Structure formats: C-alpha cells, structure tokens
Amino acid sequence: MALRCLLLSVAVVFSSLTAAQDLPRTATGQPDLGGIWRVQNRAAVDLLAHAAAFERPAGMSVVAGGELPYQPWARAQQQQNFATRAQTDPFAHCYLPGVPRIMTLEFPFQIFQTAENVAMTFEWQQVFRLIHTNDTASLYEGIESWMGHSRGAWEGDELVVTVKDFNERSWLDGSGNFHSAAMVLTERFRMLDADTIAYTVTVDDPEVYTQPWTMSMNLYRQQELDRVLEYQCQAEKEEANGAFEPDVRNWYPAGIPGENVAFDATATSGLPLPQASAEIARLPDGTPDIGGYYMADAGGANYGLEKSAGGALMPPARGVVVDPADGVLPYQGWARAERNDRILPHRGYDDPTAHCFVAGIPRSHYVPSPFQIVQTPDHVVQLFERMSWRQIDLQRKEHLPEHMRLWQGDALGHWEGDTLVVDSRNYNGKAWLNEAGDVISHMATVRETYTPVSRDRLIYRATVTDPIAYTRPWTIEVPLDRLQDELLEVACLEDNNDLQHLRDVRDEFRAAQPTTAE
Amino acid sequence: MKLFSLITASALAAASLLPLDAFAHHSFSAEFDTNKPVQLTGTVTEMKWSNPHGWIYLDVKDASGIVTNWALETGAANSLIRRGWRKADLPAGTVLNVDGWQARNGSTTANIRSVTFEDGTRLFAGTSNQATPEVETGR
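Chains B and E, in that order, are what the protein sequence lines are.
Counting along the first sequence from 1, when you hit position 267 you're at 267 in the working numbering, and nothing is skipped either side.
Counting along the second sequence from 1, when you hit position 25 you're at 25 in the working numbering, and nothing is skipped either side.
If you are wondering where the hints come from, they were derived from the structure by calculation, not from laboratory data.
Just so you know, these numbers come straight off a predicted model, no measurement behind them.
Built from N, CA and C at the ideal position, the CB exists for glycine as well.
Be careful, since some hints might not be right.
Interface residues of chain E toward chain B, partial, derived using beta-carbon atoms under 8 Å [as the list claims (entries may be wrong)]:
#1 Ser27
#2 Phe28
#3 Ser29
#4 Ala103
Restricting the straight-line Cα-Cα distance to at most 27 Å, the calculated cross-link-like pairs of lysine-lysine (BS3-like) are [unchecked claim]:
#5 E:Lys36 / E:Lys61
#6 E:Lys61 / E:Lys87
#7 B:Lys164 / E:Lys87
#8 E:Lys36 / E:Lys48
#9 E:Lys48 / E:Lys87
#10 E:Lys48 / B:Lys164
Ranges of calculated distance between the beta carbons of each label pair, as one might list FRET restraints [claimed, not checked]:
#11 B:Gln395 / E:Arg86: 36 to 46 Å
#12 E:Ala88 / B:Asp135: 37 to 47 Å
#13 E:Gly120 / B:Ala64: 57 to 67 Å
#14 E:Asp89 / B:Gln222: 40 to 50 Å
#15 E:Asp89 / B:Met404: 45 to 55 Å
#16 E:Gly120 / B:Asn497: 47 to 57 Å
#17 E:Asn35 / B:Glu141: 55 to 65 Å
#18 B:Ala182 / E:Val67: 33 to 43 Å
#19 B:Tyr220 / E:Ala88: 38 to 48 Å
#20 E:Asn35 / B:Lys237: 32 to 42 Å
#21 B:Lys237 / E:Glu46: 24 to 34 Å
#22 E:Ala88 / B:Thr268: 49 to 59 Å
Starting from the given sequences, assemble the full structure and let the hints guide the process.
Take a look at the structure:
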C-alpha cells in the first residue's frame with residue numbers, strides 16, 4: 001500500500017513536471033494563456049448543484065463545499081431573484097454579465113497575452129476584459145462598473161487577478177445568486193497542460209456573505225476554433241422582434257442596384273503612404289510596437305466624413321476624405337439621397353449606434369471613444385471602449401466563407417515595412433459610417449493602413465471599395481494618438497434612455513404619412 | 001423673439017463646440033428640437049453617471065407650485081470622470097440653472113447647453129485641465 005502511494009506520488013510529481021515543461025510560454029517566460037477557451041460545466045445556469053428544468057440543464061456545484069454562505073437577508077433576496085429571473089436577470093436583457101459570470105458562459109472567448117496585459121475577447125455581445133499586468137494602479141479607483149477593474153500579476157506560473165469596483169447590478173449566474181458593490185474577486189489562472197487552465201475565483205463580499213467562498217472550474221482549449229465569432233445579443237433580439245428593421249439595399253445579400261452607374265475600381269488619386277518615423281518603439285521581433293490606449297483626432301468624422309459646418313445640435317466636421325482629392329464621397333445617386341434622408345430627425349432611430357450596437361469599421365475608430373490596441377506576434381486586437389472588439393489576424397490567409405457576415409467584418413493583417421495593412425470583408429452591411437448617415441454596404445471591402453509617424457501617433461487610413469453605394473473607391477485619413485490613460489467601461493444598452501425618444505419621433509413621422517391605397 | 005432665441009442658441013452652440021469625445025452615440029438633432037429652447041431652475045434629485053450619456057434629474061417648480069421632474073442629458077460619464085469629476089460633486093439638493101433644448105417627443109427631457117450653480121459657476125466646467133463646457137453639454 002505504502003509502495004503504491006509512493007509510486008502514485010512520484011507519478012503525479014513527474015506528470016506535473018512534464019506538464020510544466022510542456023506549457024506554451026511567452027518570450028518573457030510566463031505560461032502563455034493565448035488561445036480560445038470555454039468551460040464545460042453548467043455554472044452559467046447555477047453555480048450550485050441543480051437538477052434539470054426546461055432550458056436549464058443539470059449540473060454539479062463549482063463552489064467549494066457546495067453551498068453559498070449568504071447573510072440571511074441575502075438568501076431571501078436570492079430566492080426572490082430566482083423566482084423573478086425571467087424579468088430581472090440582467091443577462092436576459094443582454095446587459096454586461098459581470099465577472100465571474102462572463103467566464104462561465106457556454107460562449108467561447110479568446111485570450112491575448114502580452115508583457116503589459118492580458119486581454120479577453122468574448123463571443124457574447126463582444127464583451128472584453130483588459131487585465132493590466134504591468135504593476136500599475138488603476139487610474140480610476142472606485143469608479144463602479146459591471147465588469148469591474150482588473151489588475152493582475154504572475155506568481156510563478158500562476159496569474160493572480162484582483163477584480164473590484166463593481167456595481168451591484170450584475171448576477172453571478174442564472175439562478176439569482178448575486179453580490180454587492182463591495183465584492184472583491186481574486187481569480188487564479190494556472191495551466192494544467194497546454195490545453196487546460198485551472199480557474200478559481202474567491203468571492204469576498206461581506207455585505208452579502210458571511211465569509212469568502214471559492215469556485216473552481218477548468219477552461220478547455222477550443223481546438224476546433226481558429227477565431228471567436230460574434231453573438232450580438234441585443235442586435236439579434238431587436239432584429240428578431242422587429243425593433244431594428246432591415247435595409248434591403250445595404251444588408252447582405254443585397255445586389256448592385258440596376259440604376260447604378262458602372263463602378264470604376266481602378267480610380268485612385270495615387271496618394272502615397274505616409275512616411276513612417278525612425279523614432280518609433282519596436283517589439284523584440286522588430287515590428288513597430290503600436291500597443292496602447294488611443295484616441296482619434298477625428299475632426300468630427302462621426303458627424304460627417306465630408307466637410308460640414310454642422311448646426312445647433314450637430315457638430316461641424318472638418319472633412320476626412322483624402323481620396324477623391326476634392327473631399328467629396330463618390331456616391332451613387334440613390335445612396336446620396338439615402339444619406340440626405342438619414343440626417344432627418346425621423347431617421348435618427350435607424351442609426352445602429354443609437355441602439356448601442358457595434359459601430360463597424362471604420363467608424364469604431366472615430367465614434368468618438370478611445371480604444372486599446374493589444375499586439376501579439378499573431379494578432380493585433382482592438383478593444384473599443386464602447387464594449388466591442390476586433391481581432392486582426394496576422395497569420396490566417398483565407399477570409400471567412402462568403403455567407404459568414406459580421407458587424408466588424410473579417411480582418412486579415414500583415415506588416416508592409418512599418419505599416420500595418422489590414423484587409424477586411426464579410427460585413428453584414430448593417431452599420432452606418434456616422435450619425436450623419438454616410439452609407440456603407442455589405443459588399444464593401446476595406447483596406448486600412450496604420451502608419452506610425454511618430455512615437456505616439458499613427459496615421460490611420462481606410463480605403464472603402466463598395467460597388468453598391470459608390471462609383472469608385474474612396475479613402476479617409478484620421479490620426480490616432482497614443483495617450484497615457486486607460487479604458488473605462490461603456491455600458492451603453494443598460495442606460496440607453498434615448499432610443500425610445502428617437503422611436504417616438506420616427507413613429508410620429510410614420511403616423512403622419514398618408515397610407516398607401518391598396 | 002423666437003428667431004432671436006434661435007440665432008442666439010445657434011451661435012452659442014457653435015462657439016462651444018470643442019473636443020468631441022463626449023458626443024453621442026445617437027443624433028442629438030434627431031432627438032432634440034432647436035425650436036424648443038428651455039430655461040429651467042430646479043433642485044437635483046439624482047444624477048446617473050451613465051454612458052454614453054449621464055442624466056441629471058431636476059425638480060422644477062412652476063408658477064402655480066406644481067413640481068415636474070426633468071431629465072437632462074449630459075455628456076458621457078466617462079468624459080466627466082476623466083476630467084476629475086466624481087459622483088460626490090453633484091449631490092441631490094443642489095440648485096441648478098439649465099439652458100437647453102427639449103426633446104421632440106414633448107417629454108420633460110432636454111439636452112443641456114449650459115448648466116450653472118446658483119453662484120453662476122458652470123457645472124462640469126473648469127476642471128484641473130481647463131474649462132470644457134462641451135463636456136457638460138455632451139458635445
């Protein structure tokens with residue numbers, strides 16, 4: 001018996017040593033958590049052991065000890081939450097799920113790891129997390145948020161993350177288990193082998209619980225996936241219930257209108273790329289280091305790509321179109337008319353960002369809100385403060401199949417000298433280019449260039465080739481400035497009071513229209 | 001009179017258009033009506049520090065003593081926070097003077113062009129960086 005125990009111990013030690021040696025590691029020696037992950041449990045339904053019910057598959061507890069140490073009042077609150085969950089569960093409203101709930105969803109997520117931070121991009125509603133691991137304190141201590149503020153550090157081969165500054169609106173699962181704004185989480189990520197992460201979370205919330213408690217689960221590498229796709233919860237819901245109406249001329253799979261003049265794909269003003277600076281920061285492999293927090297010097301592009309004086313409630317636009325040289329977008333006639341219609345008050349409701357949907361490309365750069373670039377050897381990832389992300393894949397060569405259509409498109413990138421060149425397609429055609437209603441269709445292909453012209457400035461250009469809405473390709477140029485700041489959270493949908501007002505304006509307009517005789 | 005108000009309002013708005021980071025996720029001109037300028041004085045009941053817009057709720061008493069609660073749209077909470085403003089800076093009970101435009105749907109909702117305390121200093125302006133009136137008004 002003793003011998004058997006000894007052999008077993010040796011086997012365990014040997015096995016963990018082997019595993020530790022086999023772990024993928026970053027250039028700086030930490031285990032590389034990079035990849036696509038997902039749990040294989042039912043913690044999203046209930047953290048505790050639960051039998052099955054309709055649309056609630058059974059599962060075992062992920063909580064140590066199998067029970068949650070609620071304060072008496074809080075247990076009653078959880079029971080009320082459970083009873084009213086169809087209405088009161090924030091998840092049912094597509095709100096931000098909070099941490100740790102986002103980690104337990106059946107939707108996969110991808111991790112991108114650098115020396116400065118660990119980014120997580122989730123399929124669900126394009127939520128992201130940015131865990132700063134650069135030994136800095138939060139600039140915004142105490143500002144409440146759905147997803148909390150995450151700071152991490154490596155303790156040997158384990159990533160330990162403290163998450164705090166929560167609001168009290170998110171739940172921990174689909175059974176009404178909850179927390180207060182006082183909650184502080186300690187997450188631990190430890191790779192068991194190349195394809196498994198042991199993930200534990202200690203929940204410390206003295207307002208709701210009598211003592212800290214811990215949940216544990218494994219995250220499994222999703223070998224069959226090479227990227228995380230989009231599930232835009234609220235957009236899908238509003239399309240399904242008719243609150244967001246399709247535009248048959250722009251949305252996939254619209255064809256080229258018969259009235260269009262021929263598209264001249266070769267027309268170009270031949271603008272040379274900006275000159276990259278010799279002073280820029282570089283990664284160890286020599287590529288420009290463009291990671292960091294950015295804000296566009298957008299010049300009002302969100303209120304018009306062409307130059308415009310603006311009005312009392314519409315800011316001016318300096319004009320960002322650099323090709324054609326006259327700064328005028330080469331619209332097809334119907335698309336110019338559509339643009340002029342979209343700026344009328346009853347069309348304000350139709351702008352997807354008024355619904356808090358994703359801004360699309362290139363608009364996400366100049367919405368205007370800041371964004372973060374996280375750069376690994378394989379990817380450049382953009383985390384947009386309005387809670388969406390885009391992955392630019394530097395390795396993959398083939399775009400998604402023709403019928404796979406995304407809000408942010410499918411972006412493949414490569415370096416040409418010191419300029420990052422990104423080719424995107426597979427758009428769904430649902431985005432607007434700005435509040436003024438500049439048009440872009442699903443057929444658009446977008447070539448973007450990011451050229452570092454100084455240590456902290458990129459010149460961003462986007463060339464749009466869209467034979468549905470335009471007569472020739474056109475290009476905009478917007479500088480992007482790297483600043484010393486960090487992302488906050490925009491929980492847009494959660495407090496969007498404006499949409500009903502815009503809908504009222506639209507409905508009033510429609511009611512005043514003469515009905516068409518049959 | 002109406003024409004004068006419109007011209008004045010437009011000129012003031014144009015003068016206050018500065019950095020755009022606080023501006024909207026939706027068209028202000030679609031939601032609010034420049035033909036419906038409003039001037040309000042009232043008491044703050046709450047401020048929601050939300051994104052992409054914060055909201056100040058203001059109890060406004062009319063000549064007959066009837067109190068109406070107005071919802072006043074500000075810039076994004078994130079923009080205010082980045083300029084150093086915090087929740088405690090606008091407690092319930094604060095008296096404010098507000099100048100803005102009412103929503104087209106006729107609700108007691110307005111987009112605010114300027115907000116001042118009783119002593120005339122501007123709310124959300126004059127941070128440690130610089131005066132940024134566009135932050136208070138959301139543009």
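Here's how the hints hold up against the structure:
Contact between Ser27 of chain E and chain B, as hinted, is supported at the beta carbon level, the nearest pair being about 4 Å apart and thus within 8 Å. With 8 Å as the threshold, the beta carbon of Phe28 of chain E comes within range of chain B, its nearest partner Cβ sitting at about 4 Å, so the hint holds. Below 8 Å, beta-carbon pairs count as interface contacts, and Ser29 of chain E has one with chain B at about 4 Å; its hint therefore holds. Interface hint at Ala103 of chain E: satisfied, since its Cβ lies 5 Å from the closest Cβ of chain B, which is below the 8 Å cut-off.
Pair hint Lys36 of chain E plus Lys61 of chain E holds up; C-alpha atoms about 19 Å apart against a cutoff of 27 Å. Note on Lys61 of chain E and Lys87 of chain E: the hinted pairing holds, with a Cα-Cα distance of about 25 Å set against a maximum of 27 Å. At most 27 Å may separate the alpha-carbon atoms for a hinted pair to count; Lys164 of chain B and Lys87 of chain E meet this at roughly 18 Å. The straight-line distance between the Cα atoms of Lys36 of chain E and Lys48 of chain E is roughly 24 Å, inside the 27 Å bound, and the hint therefore holds.
Using a Cα cut-off of 27 Å, the hinted pair Lys48 of chain E and Lys87 of chain E holds, with the two alpha carbons roughly 9 Å apart. The hinted pair formed by Lys48 of chain E and Lys164 of chain B meets the criterion: a straight-line CA distance of about 20 Å does not exceed 27 Å. The given range of 36 to 46 Å is respected by Gln395 of chain B and Arg86 of chain E, whose C-beta atoms sit roughly 44 Å from each other. Separated by about 29 Å at the C-beta atoms, Ala88 of chain E and Asp135 of chain B break the suggested range of 37 to 47 Å.
For Gly120 of chain E and Ala64 of chain B, the hinted distance range of 57 to 67 Å is satisfied, since their beta carbons lie about 59 Å from each other. Between Asp89 of chain E and Gln222 of chain B the beta carbon distance is about 46 Å. The supplied range of 40 to 50 Å therefore holds. At roughly 48 Å, the beta-carbon separation of Asp89 of chain E and Met404 of chain B lies within the given 45 to 55 Å, and the hint holds. Taking the beta carbon of each, Gly120 of chain E and Asn497 of chain B are about 29 Å apart, not inside 47 to 57 Å as hinted.
Look at Asn35 of chain E against Glu141 of chain B: about 44 Å separates their beta carbons, and that is not inside 55 to 65 Å. Between Ala182 of chain B and Val67 of chain E the CB atoms are about 35 Å apart, so this pair conforms to the stated range of 33 to 43 Å. Checking the proposed 38 to 48 Å range against Tyr220 of chain B and Ala88 of chain E shows it holds: the Cβ atoms sit about 45 Å from each other. Taken as a hint, the range 32 to 42 Å holds for the pair Asn35 of chain E and Lys237 of chain B, whose Cβ atoms sit roughly 35 Å apart.
Separated by about 28 Å at the C-beta atoms, Lys237 of chain B and Glu46 of chain E satisfy the suggested range of 24 to 34 Å. In this structure the supplied range 49 to 59 Å holds for Ala88 of chain E paired with Thr268 of chain B, their Cβ-Cβ distance being about 55 Å.
Violated hints, in rising order: 12, 16 and 17; the structure is consistent with all others.
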